[in-house]
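Novice: In case you want the letters, here they are:
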Amino acid sequence: MQARRIPKILSFESIMWLFMRISGLAMYVFALTGLTIALIMGARTQMDMGTLLRWTFFPIGTHVTSSDILVLEQWINPFWTIMQYLTIVFATMHGTNGLRMVLEDYMDAGWGVHVLRGLLLIIWLFMLLVAFNLIQTTGAV
Amino acid sequence: MPLKRNVSYWEGLKYKGGGPMWAWILHRLSGLGILLFVGLHVLASFLTAQFGSDAGITINIIYESWAFQIIVYFSILFHAVNGLRVILLDFWPALLEYEREAVWAEWFVIVPVFGLATYIIITKAFGG
Ligand code: HEM
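Here the protein sequences come in this chain order: A and B.
Quick note, my numbering runs 196 ahead of the 1-based positions in the first sequence.
Quick note, my numbering runs 7 ahead of the 1-based positions in the second sequence.
With the rest of the complex left out, here is chain B:
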């Protein structure tokens, strides 16, 4: 079932879906991001194990940098929490009435958990 758009991407961006729309976009991006992260990681470990290449080391230097860790952590945390919301509301459709509230509730979980970890990562990265 391909999408038939009669609007441009730019017009699409102005769609006022609100919280749940952004949650859907972020879910997509974070899911793809994690897959890319895991895929490159597997590929690098394969190259290192089979051909003794330096790809594994190169990629680990990137993966262990503080900025990268913050992005990966956000992707996984958001995808997991939002995924749980999707699962719950799909299995109990009666709750769909409160979808906007559910998305707000997600952020109440994500912001403190993410913020605390980010604070620790950054203070450690800068001489903590």
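Chain A on its own, in the form it takes in the complex:
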């Protein structure tokens, strides 16, 4: 399965290897929590696939409008805000690091790798900025 060599000692690559697995498990926790609580709060009959995925991965006010939870205010609270921050940080970091692993599999070691890592870091920070902004503006409803 693994083409990359993962050194035993702590290195960037071994930390990221561990991170991919921990963030994978964390996303299970976030997704199942989001889905379960959405169902408890009454999102049952209007759940199309999009709504289901929004509730499981990024439940913010402007994002889950097509489920039949009538009082959306009830879940705009610190619990969900923290969930949203954790989900978005883990998911985007998992995804951009995954892209890094794939691309570096096809690259020669050298300065190109550093350029790539710099670019991906910028893309990741940009995604975080946009998402944080969304969370903040919806949280204020």
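If you are wondering where the hints come from, they were derived from the structure by calculation, not from laboratory data.
This one's a predicted model, so the numbers in the text were calculated from it and none came from an experiment.
Per label pair, the in silico range of CB-to-CB distance:
hint : chain 1 : residue 1 : chain 2 : residue 2 : range
1    : B       : 17        : A       : 273       : 52 to 60 Å
2    : A       : 324       : B       : 131       : 32 to 40 Å
3    : A       : 281       : B       : 13        : 45 to 53 Å
4    : A       : 314       : B       : 111       : 40 to 48 Å
5    : B       : 15        : A       : 209       : 26 to 34 Å
To give an idea of the chain A side of the interface with chain B (calculated C-beta under 10 Å), a few residues:
hint : residue
6    : 227
7    : 249
8    : 253
9    : 323
Okay, the calculated bits of chain B under chain A, using three or more residues with CB under 8 Å as the criterion:
hint : segment
10   : 35–43
11   : 52–66
12   : 92–104
Note that beta-carbon positions come from the ideal geometry of N, C-alpha and C, so glycine has one too.
For this one, chain A is given, so just place chain B with the ligand on it according to the hints.
Specialist: The following block gives chain B with the ligand in isolation, referenced to the frame of chain A:
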């Protein structure tokens, strides 16, 4: 550690890795697919919020079409279930002996869950 191939991509396709090999390919594709999906989504919401562009609407029309939903759903479901298998077998390497069986077990979970949702999506899309 770059890959040094002495074979062409075409030769590579004939490699008989079986279930786990296909699972690895699908894991890669689905991971990249989800990232592309999430990335475009973030970009569109940024353009809409900051510049009032129509990109968000355009992209939502695509994202909400039934065909797209089926693909996204498969990608996420497969990536999540296969990812769990990778995590479990990496943390308990003794289980690696049963990797092929584990990949079969994955499909036993994925096929019914995916099939049910796809059935609902399609019947809804066509006048259900
Ligand atoms: C429940 C959710 C998820 C789980 C359990 C999971 C699990 C994993 C694991 C264990 C790996 C490492 C595979 C390896 O090192 O060989 C991985 C790779 C990857 N994941 Fe995820 N993941 C999840 C969600 C996501 C999401 C939401 C994205 C996109 C934003 C994503 C994108 C990727 C990419 C691009 C890779 C690299 C693929 C490769 O190296 O072949 N994953 N995932």
